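Participant: Listed here are the chains, written in short residue letters.
There are 2 protein chains.
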Amino acid sequence: MAEHMRIMLPGPTPCPDEVLKALSRPMINHRGPEFAQIVNACTAGVKWLYQTTHDLLTLTTSGTGAMESAIVNVLSPGDKVLALVSGEFGKRFATIARTYGAEVDVLEVPYGSPITPEVVSQKLAEGKPYHAVLLTHNETSTALLNPIDLIAPVIRRALPDTLILVDAVSGLGTSPLPVDELDLDVVVAGAQKAFMLPPGLAFASVSPRAWEAYAKAKMPRFYFDYGKARDMLAKGQTPWTPAISLFYGLEVAVRLLQEEGLDPIFKRHERLMRMVRAGARGLGLKLVVEEDRYASRAVTGIYAPEGMDPSVLRKTLQSRFGYVVAGGQGPLTPYIFRVGHLGYYDEADMLGLLAALEATLAALGEDIKPGAAVAAAQAELMPTKAIAR
Amino acid sequence: MAEHMRIMLPGPTPCPDEVLKALSRPMINHRGPEFAQIVNACTAGVKWLYQTTHDLLTLTTSGTGAMESAIVNVLSPGDKVLALVSGEFGKRFATIARTYGAEVDVLEVPYGSPITPEVVSQKLAEGKPYHAVLLTHNETSTALLNPIDLIAPVIRRALPDTLILVDAVSGLGTSPLPVDELDLDVVVAGAQKAFMLPPGLAFASVSPRAWEAYAKAKMPRFYFDYGKARDMLAKGQTPWTPAISLFYGLEVAVRLLQEEGLDPIFKRHERLMRMVRAGARGLGLKLVVEEDRYASRAVTGIYAPEGMDPSVLRKTLQSRFGYVVAGGQGPLTPYIFRVGHLGYYDEADMLGLLAALEATLAALGEDIKPGAAVAAAQAELMPTKAIAR
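Line by line, the protein sequences give chains A and B. The first sequence begins at 5 in the working numbering and counts up one residue at a time. The second sequence begins at 5 in the working numbering and counts up one residue at a time.
Bound-form chain A, shown alone (with noise of 0.2 Å):
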């Protein structure tokens, strides 16, 4: 097995030299002023990357610990619910609020194809009054990226009042996101995708609107209460004791996120995304999401060739050369692999995955052209064709 590893996943993804390194520092008061400026640094940082003014509370837990935050923060048993559906992780939603008693109604897309506003419109016209409805930004199961920029305001205008939750656990920093210009009123993000840290936490913004909601909702809750996180917020605190070293991390990635800047992460995410999808074809492979437009800047699903098993096809990339790609996720699991290129990631690292990818195929017995899917990768590295929407 090769000794480097170099994981291509969908998270954890690699981390910063700088962000690992002050995970080592030594504990402090977690109750005093020194990790108040850490806390209220951290918060600063991510509401910038999640475009907001809301409020950003930040749980120690994992993004699905994020999810069932959203949902039992702002809802009642016996609430109407409509979850939008278009892969494993918009199940999960739909599965965590049905678990609290919530009546789920479920939209479901073929895996592959995206939520359009047009069918999400023709639900709503049935007249249903939903307490809210789920939404997966990015939806890491398919790699696909859902239209959320033309989607909210089609809720927005049939449900004024609906609360709209969004699992943005896997999309937060790949691709723009402005929660408020959107209205979107609780959005969950993981530490461990593009923020460029370890996994151990995740944020929740929370809309004066699920504030509100908050106030009234009869869920039960306790470790993952919305009122108790934000009370503490207040004094640079966290309610229960939080992964310290992990803060000490975000801290760091939020500082180094910032000097890159929002408009440079996004193009850069877009240009990965763009380099993979064009060596895929460079190789004749076929992607799962077919339309750009609708590619997530996250992770890229791709068909293996017909009839190779694709776990076989992981394994050669990663005891031949250490590259660790995904496989799949429900039922696309026998056909796909998956290749992670959110957060700590540059041009070099598509190039060297595309080019052990070729190498891999080849060995495996398929008649590609090596060099090919590196090419195509390049050639997305001219000045950037924008993407159709």
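No wet-lab data here; the hints were simulated from the structure. Watch out, some of these pointers could steer you wrong.
[As the list claims (entries may be wrong)] Label-pair ranges, simulated between beta-carbon atoms:
{"no.": "1", "chain 1": "A", "residue 1": "Pro20", "chain 2": "B", "residue 2": "Lys271", "range": "39 to 45 Å"}
{"no.": "2", "chain 1": "A", "residue 1": "Pro20", "chain 2": "B", "residue 2": "Gly265", "range": "37 to 43 Å"}
{"no.": "3", "chain 1": "A", "residue 1": "Glu185", "chain 2": "B", "residue 2": "Pro182", "range": "56 to 62 Å"}
None of these values were measured; they are calculated from a predicted model. Here a beta-carbon is modelled for each residue, glycine too, at the ideal position from N, C-alpha and C.
Since the structure of chain A is provided, determine the placement of chain B on it from the hints.
Facilitator: Same frame as chain A, now just chain B:
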């Protein structure tokens, strides 16, 4: 303010350099064999400190999250629960159970006094069929060690099938808590305590009786679902993306603990506790818990001299000498301070703290005899006297 911060809190506590350094290792795939090896080593090590053969689950959360997990996995709304309360954390356990719909009876003892087998026996003689009894091992808020070894058999005799759920968040690893021998059903602990790790991971042991209850329990749960955690643990994984860096640290920490040995770990904590108590008494300060046998091995609660605001004492101790001790919690807050001595501490740490405490009290105008605390603590370094039970 002193540059060198010396935390002496009941968590977070200082961590060995080797543990902190491990946190900086690069990310790996949390679904791959490399991480499975780490998860398995950590699980085996934590089970050893737990003295249990039950299932042991590691959750990415705080101690409070683990307390919540103990409630929601084995109970249903409407279940009758007896909460044995000896301080703020006992109250919290009861509040969580109530939040999720349990019918909670509270048996509360005065702050600073232990739950005794006698009061429990008396309460259970009322004949109520409790589904579960909630118990605090080490009550951090009053620095009290409840005699679980005496209480658990009383509960088991009276109610053979009742679940015994134990908050050992701060106590586990500081004094013997033989989980299997005492027939405890769910025991939760936090990594930022005796485990010598930064916060962010917590543990739960789950007995066969608890698994039977799990199968019938109806409280909602998703992120904290024990069944999902058990199924994934069989593959060396966690259901949700875990705090990978903290697992790196935990693997090192459990190795260090195993090198020290169970009995030496418990003896060390008892010795440090005796040193702090002797030191406080040597200065004429009053202890919250008067009897040594009920004194927490994790933290010592000390009354400030009459008329002195403990927050002034704490601030001076920190600004002058860098030592950070904790304030009180709940009704004792205006009167006490608390010195943590769990985890990566040794005798020299206690001598240093006591010397600085002497100087601080003198600086604040107290008429103390310089050297009195240190001398009294040194006497405890003589061959250990057994503590009467």
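Participant: Work down the list of hints and note, for each, if the structure agrees.
Facilitator: Cross-check of the supplied hints:
| no. | hint | result |
| --- | --- | --- |
| 1 | A:Pro20 / B:Lys271: 39 to 45 Å | holds (43 Å) |
| 2 | A:Pro20 / B:Gly265: 37 to 43 Å | holds (39 Å) |
| 3 | A:Glu185 / B:Pro182: 56 to 62 Å | holds (58 Å) |
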